[in-house]
Amino acid sequence: MRQSHTTDDAGFNYMENSGQEEHDRDMVGIILAVAFMVLTVLVQRAGLL
Amino acid sequence: MNIPYEERRRSFLSCFYSMQESLPGLLAMFFIALFSNNLAGSPNPLTLENLFGWLDGVIGPVNHQPLFQILNSNFVWNPFLVGLIIGNVFGVPDSWKRGLSYIHKLMPLGIIMLAPHFIFSHAEKAGMPLILLAFAVMLLTSVVTMLLGRLLRMDDRFYSTVAGALSTGDPHVVAILMPMLKSKGGQVINALGSILLFGLVASFLLPLLGHALGMEDKAFAVLSVFGIGNTGQMFNAAFGYSYEAGHWAHYFESVRHALMPAGFLFVFFVMFIRARIYRDDENVMATRAHKSLPLFIIVFIIAYVVVQFHVVKEPAHLAIFELVKWDFSLAAAALGLSLPLREIAQWGLRGVVLAFTSGIIRIAVLVLCLLAAAHFNFPLF
Chain E
63 MRQSHTTDDA GFNYMENSGQ EEHDRDMVGI ILAVAFMVLT VLVQRAGLL
Chain R
11 MNIPYEERRR SFLSCFYSMQ ESLPGLLAMF FIALFSNNLA GSPNPLTLEN
61 LFGWLDGVIG PVNHQPLFQI LNSNFVWNPF LVGLIIGNVF GVPDSWKRGL
111 SYIHKLMPLG IIMLAPHFIF SHAEKAGMPL ILLAFAVMLL TSVVTMLLGR
161 LLRMDDRFYS TVAGALSTGD PHVVAILMPM LKSKGGQVIN ALGSILLFGL
211 VASFLLPLLG HALGMEDKAF AVLSVFGIGN TGQMFNAAFG YSYEAGHWAH
261 YFESVRHALM PAGFLFVFFV MFIRARIYRD DENVMATRAH KSLPLFIIVF
311 IIAYVVVQFH VVKEPAHLAI FELVKWDFSL AAAALGLSLP LREIAQWGLR
361 GVVLAFTSGI IRIAVLVLCL LAAAHFNFPL F
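As they're listed, the protein sequences go chains E and R. Numbered according to our numbering, the first sequence spans residues 63 to 111. Numbered according to our numbering, the second sequence spans residues 11 to 391.
Just so you know, these hints were derived from the structure itself, not from any lab. Using N, Cα and C, we set each Cβ at its ideal position, and we do this for glycine too. All the given hints hold, so there is nothing to weed out.
Restraint-style ranges between C-beta atoms, simulated for each label pair:
#1 R:Asn387 / E:Gln65: 55 to 63 Å
#2 E:Ala108 / R:Gly224: 55 to 63 Å
#3 E:Leu101 / R:Val99: 38 to 46 Å
#4 E:Gly73 / R:Ala299: 13 to 21 Å
#5 R:Gly358 / E:Ser66: 20 to 28 Å
#6 E:Asn75 / R:Glu254: 46 to 54 Å
#7 R:Asp290 / E:Ser66: 29 to 37 Å
#8 R:Val321 / E:Ala72: 44 to 52 Å
#9 E:Asn75 / R:Leu218: 45 to 53 Å
Which chain R residues face chain E? A few, computed with CB under 7 Å, are given here:
#10 Leu305
#11 Pro325
#12 Leu333
Hey, can you work out the whole structure from these sequences and the hints?
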């Protein structure tokens with residue numbers, strides 16, 4: 063049954079997370095998290111924070 | 011017709027979709043977050059956080075605590091609540107759904123950025139005997155909760171979510187465990203509500219038990235922090251006992267904080283190994299969807315180890331935590347929008363039964379340990 067809160071009329075369910083799509087989403091999250099943390103530390107070490 | 015992701019994928023950046031597809035959902039998350047919490051860089055004073063703060067001022071403190079802190083209002087709970095109300099009253103337009111799927115990028119992002127928040131050396135001041143007791147009680151609570159969940163014939167994603175959040179003493183660990191255990195949104199929120207209800211009841215009844223047993227202030231503070239947790243609720247219990255116990259609860263809180271990652275990682279690895287052992291058992295659902303150990307968990311563990319060497323000093327840690335607040339505010343908005351109320355209710359009251367049973371067992375074990383330490387003059391703290 064279509065879950066109207068999460069699934070659009072084309073069948074895309076935004077709470078579904080699996081396969082290659084999940085892998086890519088994880089990768090984006092990991093890259094951004096590491097980038098934010100490294101950037102913040104570097105900014106502080108440079109005396110800008 | 012939904013085109014499968016693999017067919018439209020050009021690189022890993024394809025999961026951002028097009029701007030036209032994702033912008034409406036992103037804006038929905040953004041404005042829910044903006045009107046829920048006081049977030050860094052946002053000058054908006056019309057937030058739910060400020061409304062609760064104003065109501066706290068009208069109601070007045072309860073055991074020196076703002077009432078909405080006792081109810082555990084925070085940067086996850088507020089946008090979740092707003093999203094839940096909007097989703098259930100107005101529904102969720104189809105045009106938002108691609109953008110709302112960014113929740114799956116925000117979850118690993120937020121979990122990894124939480125690493126600098128858990129510094130073990132902050133707990134050292136409490137002394138190794140207390141740290142070891144807290145660690146043992148946390149693992150025991152996890153194991154007891156998972157065993158009781160099995161006895162109650164609950165879905166394993168549900169009881170393991172309760173186990174992680176109850177044992178760590180932070181109900182919002184349910185959000186961290188969601189992508190790890192692959193729990194359903196309804197299970198996550200049902201578990202959160204069950205643990206908050208247990209904490210609320212326990213925080214008012216525990217002082218009565220403490221007085222009946224004649225516990226000293228310091229021992230009662232330990233009982234509040236590790237028997238209830240949930241920040242506002244443990245302070246409600248401790249300050250409800252005595253002002254001195256409340257202050258000691260602030261002192262011991264750092265131990266609960268430092269041990270938290272060990273608690274939710276323990277639950278994850280137990281369920282992950284279990285799912286590998288019982289591959290063919292269709293009742294084993296938690297972590298089953300992970301083909302291998304998720305990379306974001308490995309990165310979190312590495313970050314957790316690295317930050318123990320004080321790589322992320324203040325105020326860099328505070329700056330990162332402000333990003334975490336933004337991140338979880340956006341993600342919680344999407345989670346709230348995704349849930350019809352019936353999906354939370356469908357998991358029934360077993361979560362409440364589990365949280366209360368395990369919670370009472372944990373309090374009983376702690377009371378016995380604290381009374382024994384007092385009786386034998388063991389220097390626990």
